[in-house]
Amino acid sequence: DAGITQSPRHKVTETGTPVTLRCHQTENHRYMYWYRQDPGHGLRLIHYSYGVKDTDKGEVSDGYSVSRSKTEDFLLTLESATSSQTSVYFCATTTYGQGYGYTFGSGTRLTVV
Amino acid sequence: KNEVEQSPQNLTAQEGEFITINCSYSVGISALHWLQQHPGGGIVSLFMLSSGKKKHGRLIATINIQEKHSSLHITASHPRDSAVYICAVSSSGTASKLTFGTGTRLQVTL
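Taken in sequence, the protein lines are chains A and B.
Position 72 (the first sequence) corresponds to 72 in this note's numbering; numbering is contiguous.
Position 96 (the second sequence) corresponds to 96 in this note's numbering; numbering is contiguous.
Pulled out of the complex, with its shape left as it was, chain A reads as follows (with noise of 0.2 Å):
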């Protein structure tokens, strides 16, 4: 199941530098999703896309922006890495929004140091 890749699979980069994960989607879905997972915390949204050119916030959206300029392309963008943002990432998507299921990328570990 190749519905969706995200890249890189593991990074380590340093504080103050810029990060972009990258999630690709072959399922022609609308919606995209990234969210954050750590230990003792449900994943949590960070940003949210329900079409091309058209993002929103999440939760825990600080620190962080998206772009989506095509249908299958969902870019993360960490402005400047801090410490607190290392955390296992993932992507995630569905289609014709409620009441549908929902596809997972095997997700991006990465670590700020």
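By construction, these hints were calculated from the structure, which means they are not laboratory data.
All values reported here derive from a predicted model rather than from experimental measurement.
Think of the CB as a built atom: it goes at the ideal place given N, C-alpha and C, for glycine as much as any other residue.
It cannot be assumed that every hint is accurate.
[What the hints assert, rightly or not] Simulated restraints on C-beta separations:
#1 B:9 to A:65: 30 to 40 Å
#2 B:69 to A:79: 34 to 44 Å
#3 B:10 to A:22: 16 to 26 Å
#4 B:14 to A:17: 47 to 57 Å
#5 B:79 to A:67: 18 to 28 Å
#6 A:11 to B:8: 27 to 37 Å
#7 B:65 to A:3: 24 to 34 Å
#8 B:2 to A:88: 13 to 23 Å
#9 A:67 to B:51: 33 to 43 Å
#10 A:11 to B:107: 26 to 36 Å
#11 B:52 to A:79: 25 to 35 Å
#12 B:76 to A:101: 23 to 33 Å
[To be verified] Simulated crosslink set (SDA-like; lysine to any residue; CA at most 25 Å straight-line):
#13 B:97 to A:73
#14 B:68 to A:59
#15 B:97 to A:20
#16 B:54 to B:64
#17 B:55 to A:95
#18 A:57 to B:54
Using the hints, position chain B against chain A.
Showing chain B alone in chain A's frame:
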């Protein structure tokens, strides 16, 4: 209080045991999802349900909309069922955003 609460947080069972994981939520939902995550692995969708009961192999998911409660059952558990099971809800009119529970870590031993 979290909008989605799971219990137990951790669960150890012996192979063959019947397992129940519970999920309670406090918001109106359009659907509830059960997800599975193996250690170091990605997240796989097991069930999506808005009413009643669904079954897939040894897994059964039920939901009671009035009580805002769902259960995930595993019959005849096996060590390969060891994983984190996550409950999530999607709400009407919210661009299908998911709200997640913190997960139940299941360990099935021989």
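Tell me the hint numbers this structure goes against, listed in increasing order. Those not satisfied are hints 3, 5, 11 and 18.
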